Amino acid sequence: MQINSTEVPFSEDLDINGSLKEFLLQQQIYRAAIKEIKTKLEILDEEFQARYDHNPIHHMEYRLKAPQSIAEKMQKKGLEITAENIRKNLTDIAGVRVICNYLNDINHIANLLVRQDDITLVRKNDYIAEPKKNGYRSLHLIVLVPIFLAERTESVPVEIQIRTIAMDFWASLEHQLKYKGHNDMSEGLRERLKYCAESITRLDEEMQMIYEEITADDCE
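Oh and the sequence shown: position 90 is 90 in this note's numbering, straight run, nothing missing.
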């Protein structure tokens, strides 16, 4: 299983105040939360391999939100940039993306993760059951994971996106195309991208059925 990371270090050149800098010095807490989630998912993936000869997770990616993005998001919310405000109002500083092989793997992994005693599900957005208008599909979870420090325990939010390889392919290219077009795509292009997303959905469903037929034959 491949794991890719994106971490953006603090930059002294950023136009942000001392409160945010103080907050960013605690980034190890968010890194620790990412490590906890990654470890839990790796264990589940390895158990599936041992029990069912199947790895539900193709690969994982993770990232810490860039300091400038944190500042901009707080400003959009009209909030003072303080460590306390950031903790209370931002739930996507730590992010993990889980790329699964098949459709059914998504809910299997999500359900097993949130059932764990030390994981608290804060929010669930199922964009697979109800895709976004542009065709985007993915399962989004916000969970709290406890991080045990020397003198206290902190419940740290982590945003988890779970999708198939095909969904990730579409989302990545759609994001690139929107960026190249400066978010100013014609209606015709938007419709074509949505059609591609629908085609990918049919492909995911067909691949799931093929996988189930093959594994059913193996059990006979």
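Treat the hints loosely; a few may be bogus.
[To be verified] Pairs of lysine-lysine residues, derived as DSS-like cross-links and limited to a Cα-Cα distance of at most 27 Å, are as follows:
id: 1; residue 1: Lys38; residue 2: Lys76
id: 2; residue 1: Lys178; residue 2: Lys132
id: 3; residue 1: Lys73; residue 2: Lys178
id: 4; residue 1: Lys180; residue 2: Lys73
id: 5; residue 1: Lys132; residue 2: Lys76
[Stated by the list, open to error] Computed Cβ-Cβ distance ranges for the label pairs, DEER-style:
id: 6; residue 1: Lys77; residue 2: Asn125; range: 14 to 22 Å
id: 7; residue 1: Glu212; residue 2: Ser172; range: 25 to 33 Å
id: 8; residue 1: Asn85; residue 2: Glu213; range: 27 to 35 Å
id: 9; residue 1: Ser172; residue 2: Asn55; range: 17 to 25 Å
id: 10; residue 1: Tyr52; residue 2: Asn125; range: 25 to 33 Å
id: 11; residue 1: Glu151; residue 2: Glu212; range: 48 to 56 Å
id: 12; residue 1: Phe148; residue 2: Asn85; range: 45 to 53 Å
id: 13; residue 1: Glu42; residue 2: Leu149; range: 44 to 52 Å
id: 14; residue 1: Lys35; residue 2: Asn55; range: 29 to 37 Å
id: 15; residue 1: His59; residue 2: Ala129; range: 40 to 48 Å
Keep in mind that the hints were calculated from the coordinates and are not lab data. Given the structure is predicted, the values throughout are model-derived calculations rather than measurements. Every residue gets a Cβ at the ideal spot worked out from N, C-alpha and C, and that includes glycine.
Going down the list of hints, with the structure as the test:
| no. | hint | verdict |
| --- | --- | --- |
| 1 | Lys38 to Lys76 | violated (30 Å) |
| 2 | Lys178 to Lys132 | holds (15 Å) |
| 3 | Lys73 to Lys178 | holds (20 Å) |
| 4 | Lys180 to Lys73 | holds (22 Å) |
| 5 | Lys132 to Lys76 | holds (23 Å) |
| 6 | Lys77 to Asn125: 14 to 22 Å | holds (19 Å) |
| 7 | Glu212 to Ser172: 25 to 33 Å | holds (27 Å) |
| 8 | Asn85 to Glu213: 27 to 35 Å | violated (53 Å) |
| 9 | Ser172 to Asn55: 17 to 25 Å | holds (21 Å) |
| 10 | Tyr52 to Asn125: 25 to 33 Å | holds (28 Å) |
| 11 | Glu151 to Glu212: 48 to 56 Å | holds (50 Å) |
| 12 | Phe148 to Asn85: 45 to 53 Å | violated (24 Å) |
| 13 | Glu42 to Leu149: 44 to 52 Å | violated (23 Å) |
| 14 | Lys35 to Asn55: 29 to 37 Å | violated (20 Å) |
| 15 | His59 to Ala129: 40 to 48 Å | violated (24 Å) |
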